[in-house]
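Protein chains: 2
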Amino acid sequence: MLGIDPGLTRCGVGIVDVAPDRSAQLVHVGVVRSDPSEPIEARLALIATGLRAVIAAHRPDVVAVERVFAQHNRHTVMGTAQASGIALLVAGESGLPAATHTPSEVKAAITGYGSADKRQVQAMVARVLRLDALPRPADAADALALALCHAWRGGPAAAASGPLTPAQRAWADAERLSRR
Amino acid sequence: MLGIDPGLTRCGVGIVDVAPDRSAQLVHVGVVRSDPSEPIEARLALIATGLRAVIAAHRPDVVAVERVFAQHNRHTVMGTAQASGIALLVAGESGLPAATHTPSEVKAAITGYGSADKRQVQAMVARVLRLDALPRPADAADALALALCHAWRGGPAAAASGPLTPAQRAWADAERLSRR
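Protein sequence lines correspond, in order, to chains A and B. All the letters of the first sequence, read from the start, carry residue numbers 2 to 181 under the numbering used here. All the letters of the second sequence, read from the start, carry residue numbers 2 to 181 under the numbering used here.
No wet-lab data here; the hints were simulated from the structure. Among the hints, erroneous ones may be present.
What the hints assert, rightly or not - Per label pair, the in silico range of CB-to-CB distance: (1) D36/B <-> R131/A: 26 to 34 Å; (2) R60/B <-> T77/A: 30 to 38 Å; (3) P98/A <-> R53/B: 46 to 54 Å; (4) R137/A <-> S105/B: 47 to 55 Å; (5) P21/B <-> H59/A: 45 to 53 Å; (6) P37/B <-> Y114/A: 32 to 40 Å; (7) P98/B <-> A54/A: 43 to 51 Å.
Here the structure is a predicted model, which means the values were calculated and not measured. The beta carbon of each residue, even a glycine, is placed where N, CA and C say it ideally should be.
This is chain A alone, in the form it adopts within the complex:
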């Protein structure tokens, strides 16, 4: 599962391997950057090249991209939308199905409620993936959260059922804690 948090300057990419019991493993996390001083057409080409390299190296089955809204952050939203178009294009050209999720869908899937703050989401991602530290930068953490969200909400793993695994219990516990 490849998650992409689209952005012109920093495009977060995170790959997780999610088992039918919903437990997850970190495969890859990183950021594709482009230099703001470069022309836009060169920046988008750089982002496409970076995303294609991640797909070629890790061969994900599905790509999840954060959905961009017109009303957010007007100043940068067009660049973010263009980067999301590149992410979806690269998925399509690689023959991979793509899905989009809103930030609140991601928050709800990861922490249990849609208005969780970024820090809570990151802490949960680190916990689920058994990382020693929060993934950095934030765009990379968001990409991992997206990948987990897609796996848990709609991926093939979502259809599986059964008793809680240790990872699920940790998730449910932390979810309860985060609601206090």
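Here the structure of chain A is known, so what remains is to put chain B in place on it, guided by the hints.
For chain B alone, kept in the frame of chain A given last:
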């Protein structure tokens, strides 16, 4: 000069050859379409393929893309922004410089004022290119207007000066008429 009016369902493409005296000839006009019932990643891939085919067939020197604003047409603006990202990406990957122009820059360059209506822009494009009819659909006409705008505003032809050519006179006359 390749002009692209980005859109998910219809992406207008227009190529014009502009002489140093600002006179212009139609080289190609058309629309790259994608089916709204297809998934977004397949639609963007189709648009990229269509635009690459136009570039391969006509080998333009420059690409001009309409600039998309967050505040317009909220419902479709994200798809339009994604399509514009694909247009810019294809330019960058073809090694072509790209420029963006706002709709009012295009109107001002073509008709002489930024609040001209679409019909006036189309009529002027038809006149400048000596077409028997208005180019159809509107997206294709907009793409031609963009290409002419870029050539006249900032292209190499813009630096040329000298007495008015017949095409320039026709343009100046029509501009005066359209202001009445």
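Now for the hints, and whether the structure bears them out:
Here the CB-CB span from D36/B to R131/A is close to 43 Å, at odds with the stated 26 to 34 Å. In this structure the hint that R60/B and T77/A lie 30 to 38 Å apart at CB holds, the actual value being about 34 Å. Separated by about 23 Å at the C-beta atoms, P98/A and R53/B break the suggested range of 46 to 54 Å. A hinted range of 47 to 55 Å is violated for the C-beta pair R137/A and S105/B, which are about 42 Å apart.
One distance hint, 45 to 53 Å for the beta-carbon pair P21/B and H59/A, holds here, with the actual separation near 51 Å. Against the hinted window of 32 to 40 Å, the Cβ-Cβ separation of P37/B and Y114/A comes to about 34 Å, which satisfies the hint. Evaluation of the 43 to 51 Å hint for P98/B and A54/A yields a failure: the beta carbon distance comes to about 25 Å.
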